Amino acid sequence: MTMNLRHLPHYLMVLPFVALFAAFFLYPIVSGFYYSFHDWNAVTEPHFVGLANYERIVGSRDFSRAMWNLVTYVVITVPLGIAVAFGLALLVDSFSGFWSNLFRSVFFLPVVLPAFLAATIWRWMYAPNFGLVNMVLGWFGYPSVNFLNDTDTMLFSLIAVDIWVSAGFNMVILLAGLKNIPVDLYEAARLDGASRLQQVRHVTIPMLAPVLFFVMTYGLISALQVFDVPWLLTGSSFTNYGGRQNALLFPVMDMMGRAFGSVRFGQASAYGFILTALIIVVTAGMFGLRAMRSKP
Amino acid sequence: MTLAIEATGSRRSRWSSITAWDLCRWAMAICVTIVVVFPIWWMVNVVFTEPGTPVSINPRLYPTSFAAGWDKVAMIMRETGYLHAYYMSMAYALLTIAGVLLLGSMAAFEFALFEFPGKRPLFGLIMLSLMVPTAVTIIPTYLLTAELGWINTMQGLVAPGLASAFGLFLLVEFMKGLPKEMIEAARLDGARHFQIYWHVVLPLTRNAMVTLAILTFMKTWGNFIWPLIVLSNAEKYTVSQVVGLFNAPFSHQTVDVVMTANLLAAIPPLLFFLIFQRKIVEGIAMSGSKG
Amino acid sequence: MAQLDLTGVAKKFGVVDVLRDINLNIRSGEFVVFVGPSGCGKSTLLRIISGLEEVTAGDLHLDGERLNDVDPARRGTAMVFQSYALYPHMTAAENMGFSLRMAGAKKAEIREKVAKAAAILQLEKHMDRRPGQLSGGQKQRVAIGRAIVREPKVFLFDEPLSNLDAELRVQMRAELIDLHRRLKATMIYVTHDQVEAMTLADRMVVLNGGVIQQCGRPLDLYDDPDNRFVAGFIGSPKMNFLSATVKEVRPDAIVLDRIGGSSTSLVMPFEGFDAAEGPIEIGVRPEHVRLAPSDERRDGDVEVDVTLVEELGDVTYVHATMPAGERIIARSDNARHRAETANRIRLDPSRFLLFGAAGQRIRPAGAA
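Protein chains in written order, with UniProt numbering: chain S, 1 to 296; chain R, 1 to 291; chain H, 1 to 368.
Note that these hints are calculated values from the structure, not bench results. Treat the numbers as computed from the prediction; the structure is a model and nothing was measured. Careful: at least some of the hints might be erroneous.
Derived, one-sided and incomplete: chain R residues facing chain H with beta-carbon distance under 7 Å [to be verified]: (1) Ala146; (2) Gly177; (3) Glu181; (4) Met182; (5) Ala185; (6) Asp189; (7) Gly190; (8) Val200; (9) Leu202.
We put the beta carbon where it would ideally sit given N, CA and C, even for glycine.
Build out the structure end to end from the sequences listed, making use of the hints.
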């Protein structure tokens, strides 16, 4: 490559960013890949074990449990969360001016709270006997439920919090998409005799497809990496995590536990790559699905 | 007389124009508002109550004792490391913002407005990193930070988050919208490369920079996982970790004290939101529509 | 003094020839307009002179000094952009003084020069406003002021009036002419609007396909175009082009037959026509096509179908179709015509221009 002095200022300006990017993104990926084939506890010398780390993870009971939890969680939380967000967006959009802005800001409020805070507040909301949720149930004559310690309800309790936290975020993006749909289209549909519901079905959803796709893909990618909220809802630590009978054990939690609890950094690195592969497959699947649908 | 008749007439027509749909959407909006706001409101109420009031007296619909709330805040500030955690979190957020804005805007300036050999593959690589989950880098990044001896240090906390691909993406998209003639005019006016960045492009990018600063603040203030592993020394804890201590099963704190700790952690982002809500919402909408 | 010479200038973007072998000498104090359709290379040529683009081949000299490798800011040129390109975060005064600030001038000097330029442009009242608070015409003036402050040898204008409404454009055109007279500077102006070019230029350079088609005084180009492109580009409405065959060549004239597909023959004065020229085309401007009075018939009148009558008050343009389908526009200065009364046109063969098959002008022998 001919190094032209004329281009030097360009390289100088991008250098700080690129240097840090290389140090804290590229290098970790490469070194992580290296560690994933080694047995290493950060103290003794790493020694090569081939695919043993990958085999051990995939064969472990925690992994199957975490994967099973993850699949159930993702399958419910992503569509449901987007449906709720879409409903909220339509609701906010049906108001105008002051009220529209007010409801938008209010519905967005949980997004502003750090996830660690949302989780701790909800731990108290879910508390047996005196927690708010149980109290409301009590009014209707239901017995108290230990939401975060009963394996039947734990996952759904998590999903509820998750939607409470993230619906506002997706709503704002969908709302921006709604505002970009030309009013003429609705007027034309109304002149063609479409009801309010038919307008949503035949105008809003097709016009919103690219935004819905973004929200869905982004939602999937972040749901596959779920960590903060279940970690805190179960009061986890590096040595004890996942909640009762591992009902809220997820892959990233499992990975963190293997790294900082049992100090197996090689295994944890391998775990990261398994997770990445999963995410790439799912994302590629989403894009493939879109390409298929956009074909005539 | 006529006036009164008209008034009642118009009132009637106004009432009759309220449809079932109107009632329905207002009912829904109010229900959602309650679900969203009540947990936060409840937290405030628990804080501002005389200590010792049984939590079972529920629901706490309104604060009953401001003095008691202030006492709890003062107690937490006095007897725990909360104030220092506040300082740590603030420093973490502000240093990250400064770094992300500076490095991001310098790089975005080049990627958005100029051509140079290697630009496309380099930018493509950085954008590709947006697809890679943090899960895969977090452990090797921790190991690198450890190798550098940066565990329990501010640089260890801040440095890995500075090269923000998301921030670069946001700024590049914004700068691409700047008129090319403006840059050419500056060149003809004799501005050097760095002067164009400093005197022309940076002031014009102010809006996007403010948005990015706010989003970065939200992200760093709410970051739980990275401080958790990098700062193991209790004296260096950030707010998220201190709140974790209060919430831990063995903390033996009463619920009102725990909620006070939570509320204190919620105040900066809530304040930020009140001041900058439009920017925050627009920023998120923008990153969504461009993605 | 500011003599600008371009020799053999060429520019390629990849494999596309944007400009080919441009040779041009611009005299000191001259107002030169580059005109042509979009994509003809006129803006690229201006940007080459300003230094924003580099040449692929050729040389630029300003007063004998080679410009090719001189930094754009030090060439002694200043540019006014189509979009004005004012910095929105600076006041009018800061915009105008920015180049001096970059050059490290003292504050007092900047203030003095900016004030002087503001006085020339009558902008004194607006100097503390930002571009967002200025009207289109005021922004335009600030953009010109920014150029004046640099005291350039050559002013470069890139379609500076195209963002203004019609009325303001006429006014700014007059101001530019006035400015040129007062500053006595060399000005190069790019436009796609031939009316603007005609009114402003001392000398017009018509470009098409990256090649200079013709260069000269506006009326010379109007009356005596070198080729079919220039003939058609200059003048509004456009020149009419009609097919014809040469039936007979006389020493001082030729007889043209089948004009526009009609059975009409006309004798055109023309010395020394070379029969080997091949197929020809007639060019005739609308003002040399008249409507024949309905009560008077002459040989050579052509029966046409009138398709549209544009009555503009001072003049009337009649759009018509010749017998074989070729279109023609006739101009009438006084009479107000109704479509049904005007159905014969009369061509003035003494004003015909002849073009060859390749679009080249066929001139009588002895003419330049």
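Going down the list of hints, with the structure as the test:
With its C-beta approaching chain H no nearer than about 45 Å, Ala146(R) sits outside the 7 Å limit, and its interface hint is violated. A distance limit of 7 Å between C-beta atoms decides the matter here; for Gly177(R) the minimum to chain H is near 13 Å, and the interface restraint is violated. For the restraint placing Glu181(R) at the interface with chain H, the shortest Cβ-Cβ distance is roughly 4 Å, inside the 7 Å limit, so the hint holds. Hint status for Met182(R) relative to chain H: holds, with the closest Cβ pair at about 5 Å, below 7 Å.
At a threshold of 7 Å, the smallest CB-CB gap from Ala185(R) to chain H is about 4 Å, leaving the interface hint in force. About 4 Å separates the beta-carbon of Asp189(R) from the nearest beta-carbon of chain H, less than 7 Å, and the hint is met. With 7 Å as the threshold, the beta carbon of Gly190(R) comes within range of chain H, its nearest partner Cβ sitting at about 3 Å, so the hint holds. Interface restraint check for Val200(R): the shortest CB-CB distance to chain H comes to about 6 Å, inside 7 Å, so the restraint holds.
With 7 Å as the threshold, the beta carbon of Leu202(R) stays out of range of chain H, its nearest partner Cβ sitting at about 9 Å, so the hint is violated.
In summary, the numbered hints that this structure violates are 1, 2, 9.
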